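Asks: Here is what each chain is made of, one letter per residue.
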Amino acid sequence: AQSVAQPEDQVNVAEGNPLTVKCTYSVSGNPYLFWYVQYPNRGLQFLLKYITGDNLVKGSYGFEAEFNKSQTSFHLKKPSALVSDSALYFCAVRPLYNQGGKLIFGQGTELSVKP
Amino acid sequence: GAVVSQHPSRVICKSGTSVKIECRSLDFQATTMFWYRQFPKKSLMLMATSNEGSKATYEQGVEKDKFLINHASLTLSTLTVTSAHPEDSSFYICSARKLGQASSYNEQFFGPGTRLTVL
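Sequence order for the protein chains is V and F.
One rule links them: number in my numbering = place in the first sequence (from 1) + 81.
One rule links them: number in my numbering = place in the second sequence (from 1) + 1225.
What the hints contain is simulated information worked out from the structure, not anything from laboratory work.
Just so you know, these numbers come straight off a predicted model, no measurement behind them.
Cβ atoms here follow ideal geometry from the backbone N, Cα and C, with glycine treated the same way.
Please note: incorrect hints may appear among the correct ones.
Quick list of in silico lysine-lysine cross-link-like pairs, BS3-like style, CA-CA up to 25 Å [what the hints assert, rightly or not]:
hint, chain 1, residue 1, chain 2, residue 2
1, F, K1291, F, K1280
2, V, K158, F, K1239
3, F, K1267, V, K130
Away from chain V, derived, C-beta distances all over 12 Å, residues of chain F [as the list claims (entries may be wrong)]:
hint, residue
4, A1227
5, T1303
6, T1305
7, F1316
In isolation and in its complexed conformation, chain V is listed as follows (with noise of 0.2 Å):
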């Protein structure tokens, strides 16, 4: 079965250090890969893809995502975390030959940043 893991329920990190949410999938083929980010009572805001190329991606609000094949994963980094970044991140990902779209998502990571 396709599946999207973030192990971590939650991650809490102080202001100013580096933070990674992770996420590994088991789908077939070379997936496309996407981060979101969700606020309170908001949607989801997208944050970066990897489609194709360079493994390391670069996105939105300082961000970025590695894409490891052999490992399967692609965790979210950013060098510096902020309090403004506390939020609910999700993984997500499309297999290659996915019909439709749709969009398979991990189970979400609650992101605490401390001052």
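Go by the hints and put chain F onto chain V.
Replies: For chain F alone, kept in the frame of chain V given last:
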């Protein structure tokens, strides 16, 4: 830009009534819109895929007679929760794919969500 709106943002209704939620792509045309349901601090559960001019495709376990979807135009899809009950209370989010967007691109643009509370 690619802005998706939802209306209403919040609705409270009595058990047994029906509620309609609108999803609009404001500055682009959308061939496909998706409807998701999200429980508190949980992942998004895809309910159905809505294609303009055709019937929606529902995910397994989602009652199509309970959650009616109409994709009347390239900028509007509606979700009607019929005979709502307290267990239907949730956060409903729609997303849209741009018309003409290469299938490999597949970036979905999300609406802000609708909080439904059924008393």
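Asks: Now tell me, hint by hint, if it's right for this structure.
Replies: Against the structure, the hints:
1. F:K1291 / F:K1280: holds (15 Å)
2. V:K158 / F:K1239: Violated, at about 44 Å.
3. F:K1267 / V:K130: holds (21 Å)
4. A1227: violated (9 Å)
5. T1303: Given that every Cβ of chain V is farther than 12 Å from that of T1303 of chain F, nearest at about 17 Å, it holds.
6. T1305: holds (20 Å)
7. F1316: violated (8 Å)
Figure legend: structure checked against the earlier numbered hints; hints not met, in rising order: 2, 4 and 7.
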